[in-house]
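Q: Here are the chains, one letter per residue:
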Amino acid sequence: MFDATAPSPLPARPGVGYKPQHYSAIMANPGPVRWLEIHAENYMGDGGRPIAQLRQLAELFPISVHGVGLSIGGEGDLDADHLARLKHLVGWLNPASFSEHLAWSTHDTHFFNDLLPLPYNSATLSRVATHIDQLQEALGRQILLENPSSYLAFAGATMSETDFLRDLTTRTGCGLLLDVNNVFVSATNLQTSPQDYIADFPLHAVGEIHLGGHDVDADETGAPLLIDSHGKPVVDPVWSLLDLTLAKTGPKPVLIEWDNDVPEWPVLASEAARADAVLASQ
Amino acid sequence: MTATQASFIASVLDPQAAVPQGLQNPDGAPATKRFDVYRNNVSVSLADALETAFPVVRKLVGDAFFRAMAGVYLRQHPPKTPLMMFYGDAMPAFLGRFTPARSLPYLSDIAAVELAMRHAYHAADVPPMDAETLATLAPDALLQTRLRFAPATQVIPSDYPIYSIYRANTVADAPKPVMQPETVLITRPDLDPMIDPINTATARCITALLKGQTLGQAMTGVGDDLDMGGTLGLLLRQSAVTAIY
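These protein sequence lines are chains A and B, in that order. When we follow my numbering, the leftmost residue of the first sequence carries the number 932, and every step to the right adds one. When we follow my numbering, the leftmost residue of the second sequence carries the number 34, and every step to the right adds one.
Bound conformation, chain B alone (with noise of 0.2 angstroms):
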């Protein structure tokens, strides 16, 4: 009798359970020892991918901590594509409910501005808008213009410092993180991803037009902090958009 590969597979991913039958060493003997071969392989190069994944986090909770996390983790959310670059996208959410790491409550969204990072690395390249198009418009025009972005941009809100966390374990000699809410926005400018802070006025007004309202509707209403030619400047610099509309 030859195991099938949905027994193989269970049996790699329980290291409890029996090795299943017809699998032998030389000497016939049943595979043990040798079957876990295949145990080890999956579990580490799996762990292996989180890590590369989601170093703040690591950084933040330890080596062994994030081993034995990446154990439960990759047990509960096998990879559903071969594509390694894109595993961990449960991470956040995972987090948030993983008990052991309940005394970080920013973890969660960590992970999440680790996520994003990677995929504005891994995003379509789309050339930049021309930075003086907005300036040839009419004041009526502008507020009645839409604006479409570089897919790298996203806006990553908190309740936690999540800006300077990631800058503390990312950069030398970052300030230390002050326990406040704080939004980030990320962009890809040419390959490498940046992360800025921005205001709450800020992240409603750019979450905003990354939905498609005018400039006119995306500054209504977000708060009285908002400062809209900063705003649109920093697009611009990090040359996340790419046409009007």
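Bound conformation, chain A alone (with noise of 0.2 angstroms):
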């Protein structure tokens, strides 16, 4: 429904998140790299190095755009400061792909830079569908919206996230961004099944694939306690979902996530080429 002035979307080809440590690399040869990931929140400045090679990259390669601080699951309502900045990137940029997260990070006009959790119930579900309705309004185009990574369990939860996400998308027509290592994550940290969270996920909707790294930890009680921290290589069960998640749906537009300890670009470029691996092989 909001197709009429959509760019061409995202290839489905590998991808990065974009670090400007990379810029130089990248613009000399950018392997099996066919698209980039931005934070929005990055390129909200009035000018200056980050826009202008914004505008450089903008020319060699479809742009997602990824928003981290809208606060989509916020209890408040939603900032109009920062959703006019949001029409502004999208409005000069025209990226291939807008997205945004199944969280909130803003209370009471204070952002809190992570994203955190929410229950999932008729409540939470009425509040995030027209948040998302106010935001595809606002940018004039479809969004995808991501599944958190999650580390604990809501009492007041009476759906389940993957119902919750296929609900969005009927009543908003939102597309999805599926982070296949927060499934991992959330799988092993709330001892559920995550080839069961993949059966259950409203693939059809999936417009991007999400790879990143995770950290190890334990609970109090010794149970595994993983955390999303995109500062290491994906790991092995995770190249496996992605995988079983591509034999369902086919190609798609795959990024390789790394925000933290990041890494020389031929490492970040040897992840996107395992993941160019795997799309081929589909």
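Each hint should be verified, as a subset may be incorrect.
[Stated by the list, open to error] DMTMM-like, lysine to aspartate or glutamate: derived pairs with alpha carbons at most 25 angstroms apart:
1. B:Lys-113 - A:Asp-1039
2. A:Lys-950 - B:Asp-163
3. B:Lys-92 - A:Glu-1068
4. B:Lys-66 - A:Asp-1146
5. A:Lys-1018 - A:Glu-1068
6. A:Lys-1163 - B:Asp-69
7. A:Lys-950 - B:Asp-225
8. A:Lys-950 - B:Asp-223
9. A:Lys-950 - B:Glu-84
10. B:Lys-113 - A:Glu-1006
11. B:Lys-113 - A:Asp-1012
12. A:Lys-1163 - B:Glu-84
In case anyone wonders, no lab produced these hints; they're calculated from the structure.
Two chains, each in its own frame: build the complex with the hints.
A: So, in structure tokens, the structure goes:
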């Protein structure tokens, strides 16, 4: 329903989360990388090098804009100023895709720079759907919503995450960003099956897939507690989940996220090459 | 009962607070260490943002002091927008009041310099004025002229050697700071912010020009050590002037 002005979609090939330290390497030889994802909030200054680099990259690569600060899952209203900033960025850049998170990060005008969790029930479903409607209306396009990493369970939850996301796609027409590492992290932490989660997931709505690394810890009972750190290579069980997912969906745009302890470009490019090989084998 | 986001965030910011009710481990027991993941994510990500923003302050106080100070700051001044590039606007005033840092009285002004450099880095791109434009004006017209400045342009005065301290902590082999007042001009000729030391008269003159006074007004009564030609040369060289009016 928002397709009229949409640019070409992301290719069903590997992309990486863009880090400024990789600028020269990417411009010299992007290797298997066919598209780039940026965090929207890093490109909301008035000008200078970040915007200049983004303009140059956008001439060569499809760009996915990934918002990390709108607080779609927040109890309060969306921040109108931030919505306007997103609209401005998406307006001049006209990216191939825009995505945000099923999470909250703002409370009472303060921003806490983390993706905080919400329980899944009919009240939160209505609120999140309203926020997605407002966002899609402001941007004039469909958005993709990303499944979170969960560390704990809510006593007040009455719906599964997959049902919650399915209902959101039906109510709002939004698409989904399936983060396969988040699936693995959440399933491990909540002691559920990641394969069952993928089987229940509304895969028809998936417009992009994320892969990333996580840290390994344990809770006070010794149960495994994985932390979504984006600071390590993708682990083999997550690659297996990618195989499982792509076998059901066919090729999709696949992104390697590496935000902390960012490696040299060849390391990131080799993760993208592995994703490319998986895509080619479908 | 589900925890409200107000109670959730209050507990995230206070490590001594109880974990809100209704947050559980997989076995149904109240979450403790699992909730600490959010406490850790919030405080570490905000402290990391401050570290990125204030590398010279961090170098001056050391890592452990900086992380402890950041922990106090982020609870008193959580970000007001999701634009982490500008997080830390209240740092100069905060450090001015932060008694554990009292032995480093220049710290607040160094934070102001780092903040200004960051604002300059992200400031709007405006093409500079052709340097010849001023040369075409008759002397009388020149005195009546006002300058428009690139938004990156800022003057930071201090009772402390902020230029020398900044350089000594960012450039190899910079001279050791001598305890004396220094004022800096911050500009952004291309994509990299620049910092230049300026004397008191020059600082007064540029500050007057930034406020929209004419060249004639701005060079009056600011002090004997004003080199007007040198001042205009510096502003033009650093692409700080975008137009005259």
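Q: Now look at each hint and say whether the structure bears it out.
A: Right, here's what the structure says about each hint:
1. B:Lys-113 - A:Asp-1039: Status holds; Cα separation ~9 angstroms.
2. A:Lys-950 - B:Asp-163: violated, 35 angstroms
3. B:Lys-92 - A:Glu-1068: violated, 46 angstroms
4. B:Lys-66 - A:Asp-1146: This hinted pair holds, its Cα atoms lying about 15 angstroms apart.
5. A:Lys-1018 - A:Glu-1068: holds, 10 angstroms
6. A:Lys-1163 - B:Asp-69: Holds. Lys-1163 (chain A) to Asp-69 (chain B) sits at ~21 angstroms (cutoff 25 angstroms).
7. A:Lys-950 - B:Asp-225: Holds: Lys-950 (chain A) and Asp-225 (chain B) sit about 18 angstroms apart, inside 25 angstroms.
8. A:Lys-950 - B:Asp-223: holds, 21 angstroms
9. A:Lys-950 - B:Glu-84: holds, 18 angstroms
10. B:Lys-113 - A:Glu-1006: holds, 17 angstroms
11. B:Lys-113 - A:Asp-1012: Within the cut-off at roughly 11 angstroms; holds.
12. A:Lys-1163 - B:Glu-84: holds, 22 angstroms
Violated hints for the displayed structure, listed by number in ascending order: 2 and 3.
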